[in-house]
Structure formats: C-alpha cells, structure tokens
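Participant: Each chain sits in its own coordinate frame; assemble them with the hints.
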Amino acid sequence: MSIFSGRSARGGLEGTVTGGAGGPVRDGGAGPAPDGATWRRMHPVTPALRGWKFFVAVLAIGWFQVAQDLEQTLGLFRGHRWVVVVGTLAVVAVIAFAYSAVAWRMTRFAVTDDAVHLQSGILFRQQRRARLDRLQAVDLVQPLLARLVGLAELRLEVAGGAGSAVSLAFLREPEAEALRTELLALAAGLQRPAAPGVPPGTPGTAPSALPGGPAAEVVGGPGSPSGVLPAAASPAGTRADVVIGSQDAAAPVADGSAVPVTPPHGPVPLATVPVAPGPLVAGAPGPVLTPGPAAGPSAFQAAPEQQVYDLPMGRLLVASIRSGAAVGVVVALIAAVVLVVLSRDPGGAFVLVPGLIGAVSVVWGRVNQGAGFRAAISPDGIRLRHGLTEARTQTVPPGRVQAIGLQQGPFWRGRDWWRVEINVAGYGAGTDQGARESVLHPVATRDEAAAALWLVLPDLGTADPRGVIDAALSGRDDEGGFTPAPRRSRWVDPIGFRRHGFLVTDRALVLRSGRVFRRVDVVPHERTQSLGLEQGPLQRRLGLATFVVHSTPGPVSPRVAHLDGAVAAALLDEQARRARQARAVQRPEQWMREQG
Amino acid sequence: MSMPFEPDGVTWSHVSPRLASARLTTLAIVVVPLLAVLVAVAVLATPWAWIPVGVVLALAVWIAITVRRQVRALGYAERDDDLLVRRGIVFRSLVVVPYGRMQYVDVTAGPLARRFGIASVQLHTAAPSTSASIEGLPPAEAARLRDRLASRGEARLAGL
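Residue numbers (my numbering), protein chains in the order written: chain A, 1 to 596; chain B, 1001 to 1160.
Hints listed in this document are in silico derivations from the structure and should not be mistaken for laboratory results. For each residue, glycine too, the CB sits at the ideal point set by N, CA and C.
Some chain A residues flagged as far from chain B (calculated, every beta-carbon gap over 12 angstroms):
1. W52
2. F54
3. V84
4. D113
5. P312
6. G314
7. A336
8. F350
9. R392
10. L457
11. G467
12. R476
13. R488
14. D506
Chain A is faced by these chain B residues, among others (derived, beta-carbon under 7 angstroms):
15. V1090
16. S1093
17. P1128
Bound conformation, chain B alone (with noise of 0.2 angstroms):
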C-alpha cells in the first residue's frame, strides 16, 4: 500500500451523479428563502444587512462547487472479506467494514432522492460510530448491494 486512501488491488465503484443534484436542489431550498429574508430585510431596514447577506452567498457558491468534487470523491468497493468505504476530500475517511461483523443493512431514500432516482445503502455494526453509509446509488444498484452484502454477512456470520 503506498497511499493511505489508494489500497492496492482495489477497484473503487463510484455514485452516480445525481445525487450532487439532489445536495444542490436541497441547498437551494434551505439558502434562497434565507436569501429572500436577508435581501428583503436589507433593501427595507438598513444597509448593514448586506454583510450577512454576502456571506450568505458566498457560502452557498463554495458548497455548490464543492459539492460535485465530494460526489465524485465517494467510493466503495467489495472485497472478498469486507466491504471499503471512501469519502472526503479535504478530511478524508476510508472505512472498512468486515462482512462478518455486519448487523444490518439499511436501504433509504427520501422524498428527493427518489425524484432524483437515488437511494442510500447504510452498514451498521455494533459499533456506532462505524459510518459506512453510501449514497446516490440508483435503486437496482442499491438492492443489488444489500443482497449482495446480506448474503456474504450470512455466510461469514461472527456473533457479536
């Protein structure tokens, strides 16, 4: 292993696309109202809302931009024993999850994901604070997954 977040031998499979649109359109929904307050407070009240204002949008244009470099940075990959799970870009985090150790597999997908025709595949150990969740996977990938990863759990069952 040369890098600490490039294990050799492994193939990374990454999310679809969608799901940077997904974080923008919820972006959107929480910053343009908050915006429209601000603007109209500014333009009615007094001048010095404009500060809040600015850095209003200036933390939703570094979001939206980072957003898609974060999307395209999240990677899982199977191995024969355990599954990896990639994520970050300026504080990264790869977490392996052996299969044998695996509780349950949780399948969700909100209202906005599934316009989207993403959905969110969550390992749990016993561990809590074992975060390997995946998201953006479109739905046949995501059922494909957690049948995958119930049937190697069970087949490498290890008791707590």
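The shape of chain A in the complex, shown without the other chains (with noise of 0.2 angstroms):
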C-alpha cells in the first residue's frame, strides 16, 4: 500500500469512471460481479420515488414563472389551452419518470466477502466499491414517501468525505435490514459460515418475492435462513462478549421501549469480560431479526442492542423555542409590526419575510431531526435512531468516533441542557445532511450527556470520570485537575480566559473553553490526526500559545486558545507520545476479529 499521490489507497473507496455516450464500456454492462457474488437491484418503486422530485422541482420552476403575472396565468386556462398545459405536464412527468426508471436499470450492486460494489449511471458509468474493513458507519434512511411504501435506502460511509457514501435506494424494509445486519458482521472481522446449503423454497424463503429476479442467494453458499450465528457453540467467540452496563445490566429491550440502561460511570472495559448466560447472549429474545421470508438467506443475526437513553418531544420542542433561531423569529416579527405600524405600510414588512422564513426552517429542521430520538448500545457498535418526516437509523461501529464536542448555549445554561456532537469520517462536515448526521444527542440532560459521552468512551481513563464531566461541563479554573489558562490571559480573552483548560486522562484528552457559549471537546488518544500550536503577534507578547487537536471533517473541531507557551509546547509532544502509544494498543478496525 503505497502512499503517493494516490487518492483511494485508504480511503476505502475506489471509483473509476469508464466510458462516455457511446464509447466502448469497460467492466460495465453485463459484466460478471466478481467473487462468484451476484448482482442485485434496487427495488422497482424506486424509479417513481426519484422521479418525483424532479417533476415536483419543474413544477416549481413553472409556478414561480407564472406567478409574475397572474392575468396571463388565467388567461392560460381559458377554452382549449388548458389542455397544452396539462399536456406539457404529463410530458415532462413522463420524461422525468422514465429517465429515472433508465437508471434505476442501469444501477446494480453486488455483496462480497470484503467489499460493496456498485455500477450506476447511464451516460458515465461508474463503478464504486467500498470496502467493508473501511466501513465507517451504516445509516438506513427513509423519506416520508419511502416509508409509506416499505422502503428504505441503505448509506454505507467509507472514509472518503462527504459525498463519498455508498448508497443503495431503494430497497425493502426487512432486506435493507438484513443487508446491514450481514454488511456489519462482515466488517466486523466475522467470518460467513459455511453451512450446507438450504433449497430456495424452505418456509419463509420465497425467491419470488425478491427483486430484481431470479437470484435469490446473497452469495454463493447460503446459509441457513434461520440465521445461525457463527460460533454461536462457543460464548467467548460471540458478539456476546462485549458487556454492556455491566452490574446494571437490565434486559434486553425492544426498540422503542423506555427502559433506561444506567451507564456505569467507573472504569469498565468493554472488550475484555465475558458476559455471564443472561441479557446479553446471542439469540436472546429481542430486537432479533430473523431475515424475513423477503430477505433471502443470510447467515448473520442481529445484534441485541440496549437503549441508553431517548429524547423525550416535550423537551425538544421547548429547547427548540429557546434557541437563537427562535428568538429571531420572536425578533423579526417584533420589527415587522413596529415596520407596519410606523410607516403604515403593509407592505413594507414584507422586508422580513426571507430573514422570518429562514429562521422558521432552522426551527423546524431542528424539530423534524430531532424527533423521537434514541440512542442504544449493541456490539455493533452505537444505534442512533431519530427522524419525524424522514426516519434514520444511524449505527456507528466501535472506534469510529473521532471527537466528541458538547455545546451550550445561553439560552440553555437555566436547564444544563447540552448539544452533543461526534465527528465520524464519512460524514461530512458543513453540509446539511452532515450536521444532521453527526449529532449523538441534540437536547441532553447533564446524565444523558455523560451517559453520551460514555456510549463513545466507555472507559474514560480516571478514578471519578463523574467528577472529571462536571468539571468539564461547568468548572473553572483548575477545578477537577483541569490545567487552566495563565491569568495573563485575560488581555486577550477577559470574557472565558478562566474557562480555558485541557486534562489528559487514560485515554483521552478532555478540552474545555467558552464561558458564555460554552463547549468541551474530547478526543481519544489513538483517534488523534495531527496537532499543531498556533500563536499570533498579541499572543507572542504575553507568552501563549493555541493549541490545536486536528480531527477528521466534522463538527468538532477541538482546540484551546491562549495556554501558557510552555505549557503548551509539552501537551504537543506529550499528546503525539501518548497518541502513538495509544495507537499501538488500539483495537483493530475488525472489531469483532480480536475475540474470535
């Protein structure tokens, strides 16, 4: 693996373009899917899902084209040339339709022992894989019209930023699941049983139900439909071995179910203590799915999963009331009754109706993401679950966190209630669809915030990691064996210079700052990229430096400003040892692979 100016040696993902309108395809078309793997469709519907947004957005266009003048617009619909209009419609409804149901044709994907292919495009073809041990993160998404139909898409993110994601739209419900169920187990390091093989028409298994046509098995070899986990004989080899809450352990719940799970707050390794019979085995009942008579055979079962925490809808709405968007709309509508009344115009509040507008869909983007939101603990790694028109399903494998960032604003200090954020690669940073992404809690709790924080670092590396959180969250100072700011930094920062501090436990590197905006970023050792120190004109006077965690794109971007130069210049070398010894010891990216 050598790292020249090659783009795709780790990031996971390869894509080659071949070919033009016309041009001689290479691997394309009816080319075998390679590993004896075969080739899968999407679902049929899919073409009508697509193509109606499309028709939708040159609706659209038409209207705001007509509405400038509304007399021609009624003019439009007198005697016959209603009929053009209507015409034109089906028309492009039409064109819109078939060109998606074109490509709906030309897209196919494949599932192999370490990769996800997938051929798409009609024009410019492209083939993309991603490989499995890259597997960042695996989000099943349904808009609202998918779910009214059964459908979802299935989102694989590699590494390769943000719009690097494998997606597969649409597909049916349960194969979705089975699909991810199976994609995960893979990229865990487990490793496909080779069972006998069992005849296509055994109860529950109907190839007929599936897509796309005749080939009913995933791969070569199917597996028994009953979903038979390998090594299941033997509890040291299965899933079964990650403990979860320990002594506090409650039994496996539902989705959907309220009963919390109480993280433990000490030290508890995750990796290392075999689960006792009980809540955690294999098989236990639960959110268990076996693949559905739709899914065709497929070896692996769902992991069990706990629910940690949720959101409950009365404090989502109520936080979204007191946010900054909110307070604008309160804003904006102030100054527009003060417009209309002073210059007794009404038009002239209409000035405000862009700004009104745009604060009104941060509100409800808020609201529309956030709601119903839960989080659970699986050996999959984290299950985030959340999503009112659109819902998804966000699982995160183990040791794919990068930082952690908890941010309050004022508007929340009177509730301590905090905004969790992770960054994972893959999931891009500034876009939208990033931001929704990358959110581990949008309205917490200050337990929900440690409970959080403990569903990404377990094991948070000190003797009172309860201690260490609220220090973080709320101290000053050196409080909880923060190593604070110099007082000398109060020239260039009079306002949070007391909040500014850093601790290095066992495993991690906590960063706290912000005094009216407050915010804590946590980084594990061994996920650490780069550091860098940074010091301007100002800071050089008074002896300070910033220094800077660089982490892959997201919404944390964990740093401390105005640290004593010193002080500063040893984190930098002690965090690059740390980071190397950390990452020496790190769990593979199988994480299954070590126990096995």
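Facilitator: Here you go:
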C-alpha cells in the first residue's frame, strides 16, 4: 500500500468512471460480479420515488414563472389552452419517470466478503467499491414517501468525505435491515459460515418475492434461513462477549421501549469481560431480526441492543423554542409589526419575510431531525434513531468516533441542556446532511450527556469520571484537575479565560473553553490525527499559544486558546507520544476479530 | 521544551531561498500590470487615482520585504515518529504529523516553481486541516523526503 498521490489508497473507496456516451464500456454492462457474488437491483418502485422530485422541481419552476403575472396565467386556462398546459406537465412527468427508470435499470450492486460493489450511471458509468474493513458507519434512511411504501435507503459511509457514501436506494425494509446486519458482521471480521446449502423452497424464503430476478442467494453458499450466528456455540467468540452496563444491565428491550440503562461511570473495559449467560447472549429475545421471507437467506443475526437514552418530544420543543433561531423569529415579528405601524404601509413588512422563513426553517429542521431521538448500544456499536418525516437509523461501529463535542448556548444554561455532536469520518462537515448525521444527542441533560460520552468512551481513563465531566461542563480555573490558562490571558480573552483548560486522562484528552457559549471537546488518544500550535503577535507578547487537535471533517474542532506557551509546547510533545502509544494498543478495525 | 516553537533536540531543515525568488516573481506578475493600469488612470483621468497607486506600491514593498524572512522561517524536521513543520513570523504555527497517520503525500511543481528548480511536498492525513506543506524544496530533496515519508508511513501504518 504505497502512499503516493493516489487518493484511494487508504480511504476505502475506489471509483472509476468508465466510458462516455456511446464509447466502449470497460467492466460495465453485463460484466460478471466479483468473487461469484450476484448482482442485485434496487426495488422497482425506486424510479417513482426518485422521479417525483424532478417532476415537482419542474412544477415549482413553472409556478414561479407564471406567478409573476397572474393575468397571463388565468388566460392560460381559458378555452382549450389548459389542455396544452396539462399535456406539457404530463410529458414532463413521463420524461422524469422514464429517466429514473433507466437509471434504475443501470444500477446494480453486489456484496462480497470484503467489499460492496455498486454500478450506476446512464451516460457516464461509474463503478464504486467500498471496502468493508474501512466501513465508518451504516445508515438506514427512510424519507417520508419511502416510509409509506415500506422501502428504505442503505448508506455506507467510508472515509472518503461528504460525497463518498455508497447509497443503495431503495430496498425493501426487511431486506435493507438484513443487509445492514450482514455488512456490519462482515466489517466486524466475522466469517461467513459455510453451512450446507438450503433449498430455496424452505418456508420463509420466497425467491419470487425478491426484486429483480432469479438470484435469491446473497452469495455462493447460502446460510440457513434461521440465521445461526457463526461460532455461537462458544460464548467467547460471539458478539455477546461485549459487556454493556455490567451490573446494572437490564434485559434487552425491543426498540422503542423506554427502559433506560444506567451506564456505569467507573472504568468498564468493553471487550474483555465475558458475559454470564443472561441478557446479552446472542439469540436472546429482543430486537432480533430473523431474516424475513423477502430478505433472502442471510447468514447473520442482528445484534441485540440496549437503549441508553431517549429524548422526550416536550424537551425537544422547549429547547427549539429556547434557541437563537426562535429568538430571531420573535425579533423579526416584532420588527415587522413596528415597521408596519410606523410606516403605515403593510408592504414594508415583507422585507423581513426571507429572514423569517430562514429562522422558521432552522427551528423546524431541529425539531424534524431530533424527533423521537433514541440511542442504544450494541456489539455493532452505537445505534441512533431519529427523525420525524425522514426516519434515520445510524450505526456507528466501535472505534469510529473521532471526537466528541458538547456545547451549550446561553439560552440553555438555565435548564443545563447540552448538545452532543461527534466527528465520524465520512459524515461531511458543513453540509446539511453532515450536520444532521453527526448528532449524538440534540438536547441532553447533564446525566444524559455523561451517558452519551460513555457510549463513545466507556472507559474515560480516570478514577472519577463523573467528577471530571462536571468539572469540564461547568468548572473554572483548575477545578477537577484541569490545567487552566494563565491569568495573563485575560488581556486577550477577558470573558472566557477562566474556562480555557485541558485535562489528560489515560484514554482521552478533554478540552474546555467558553463562558457564554460553553464547549467541551473530548478526543480519544488513538484518534488523534495531527496536532498543531498557533501563536499570533499578541499571544507572543504575552507568552501564550493556542493548541489545536486536527480531526476529521465534522462539527467538532478541538482547540484550546491562550494556554501558557511552555505548557502548550509540553502538551504537544506528550500528546504526540501518547497518541502513538494508544495507536499501538487500540482495538483492530475489525472489532470482532480480536475475540474470535 | 522552553519555547513553544523551539522543541528540544530538533534540528530544523530549511528550504531553498529560491522560493523567495519564486514568490517575488509571482508578486511582480500580479502587481506590475495593476500598477500600470492605475498609473495610466491617474495620468489620464484624475489625480485622485495616485492614492490607490501609493497604497498598492506600499503593500508590494512590504510583502517583498517580508517574503525573504518568511522563507527563512519555514522549516521542517523529521523525527523518529512524526514530522514537524514550522511556518510564519507574525502568525506562527507548528504542526506535528505522525507518520502512521499519513494518508498520502503529494509532490507538486507548477511552471514557475520548475523554472526556479523547487517543488512542494504536501502531507495529507484524514483531517483536512492538517496543513503540513513544505514549499521550496529542491526536486532531489523533495523526492527523497517523499520516499522517506512513504516508507516510514508504511512502517507505522495505523489505519484511520
């Protein structure tokens, strides 16, 4: 694996664009699937779900055009002219759906033991291959329309950045879930079992129910339809080897149940204590999906999961109202009323309409994305469910969270609410989609914020994790063992200088800053990419420096400003050393392999 | 470590002073036509246009003075497990990139850089904010650095 200017070497994503319109196509068309896997297609209803967006877009453009002149529009509907209008719309609809149908026909995917292959594109064919051992997250997304028909989109995030996800849209819901289970198991390093083949006519597998043709097997050598987990006989080698919530473990609950698990705040090594037969043995009742009749014989069973926290709708609504955007809406409304009263011209208020729409859409976006937010822990990693109109289920395997950030604006100070966000390689930063995906808890109380941190870092590396968390969230100066910024930094940051500080634990680096807008960033040592020191002219006069931890693109940018220069330099050196040591002992990327 | 930007036991390698010449040439290419246009406007149209001429001239002179100092301040050091890159005079920065975190190494040389016989080596990790780029290296040194970084990166491969 050389690291010259070849971007695909380690990102896990390799894409080749082959051929143009009419040119010879390499490996496209009817090429055989790699490793004997079979090509599969998305559900036939996909073109309808895709095409309607284009149709609505054209409709909207047309509407904006005609809305300029209402007289002319009404004239269109006189006489036989409306036939022309309807005819045009029908033609546009047919073109949109036909294009989507052709795109559907040219799209197919295959799953092998170590990669997912996706072929797509009509004029410019594209082959994308995502390596499973580079899998960063697996998301199941259901837009509103797809949810109504029982379809779902499966998104695989590899570390290529915002646009590099392999998106399989749309599959039937049970099939998508079975595929997700299989991909997570393969990414975890579990071997596909070589069980004797099962005749396709077994009850529960109806090949005719599968979309797209005769191939009902996922791969050569289908496993048994009841989904026996490989090596289930020996407890040491199964997913049940993961301890979740040790002494406080409740029985595994089905999705949506509200039995909370009290996460222990002491050091609990996640992967070393074999679990006693009880709650988490694979095969226990719970949200286990035996691959249903339409999912085809898949060899893996879904991992059990335990809910850790959920967000009540009331708190989400109150928090969305107590936010800057809502305050902006109120201010805009008041300003509009004042304007109208002063100028006695109702038209003057329309100046504020765009701002109002923007603020309302932000508030609506927060509510829409955070509704029904639930987080659970499973051997597959962290599982997040949220969304009102678009239901999204994210699975982030262990070791894929690059950094965690907690922030609190002034409006939430009274209720002590925090917003918890994470950096995951592959969830783009700054894009709307990326911001939606990177939330670990939209509105967390302090206990839930500690639970969210425990989800990512079960072992914080100190003797008193709760004390450290409290000191990080609301402490000042050197409370909790933090190394603070020196007093002379008050010349450059008079408001927040008492909050700037850092703390090094055995497992992570905790950075704290901000007094009005509080911020805490936690970076596990083994997830440090690179480190930096920055110093401006004013800082040099005062002997200060800013310490920065570079992390993958995402909402969390860990940095501490205005530390003492010598302290920052020492931290740089030590952190580089600690990161190297942590990298040497971190769990492998295939997280089940070490226990197998 | 006594000073933040002078780590102990580190010998800094410096880049070729030809980088300063390359940067000054770029500056000249940009500034001279701009000045010509402004002077023409000032002579032909209005005397008030001498003000922007003065401003652009002052800016160009200031940049020309600092370019040499900036190039002298650009340094890099290869330690056992990481690479350090230091840059800047007024706004200083120091970046530490572990070899095991490097994703790929870019060596680039535009037409002007090739004329002056320098190349630029840029390290990439999974974090786009890692701005560890070293400009102004002679091509032989750039190739050597690239090969050393590549082999050390492979030796300490650490995934994402």
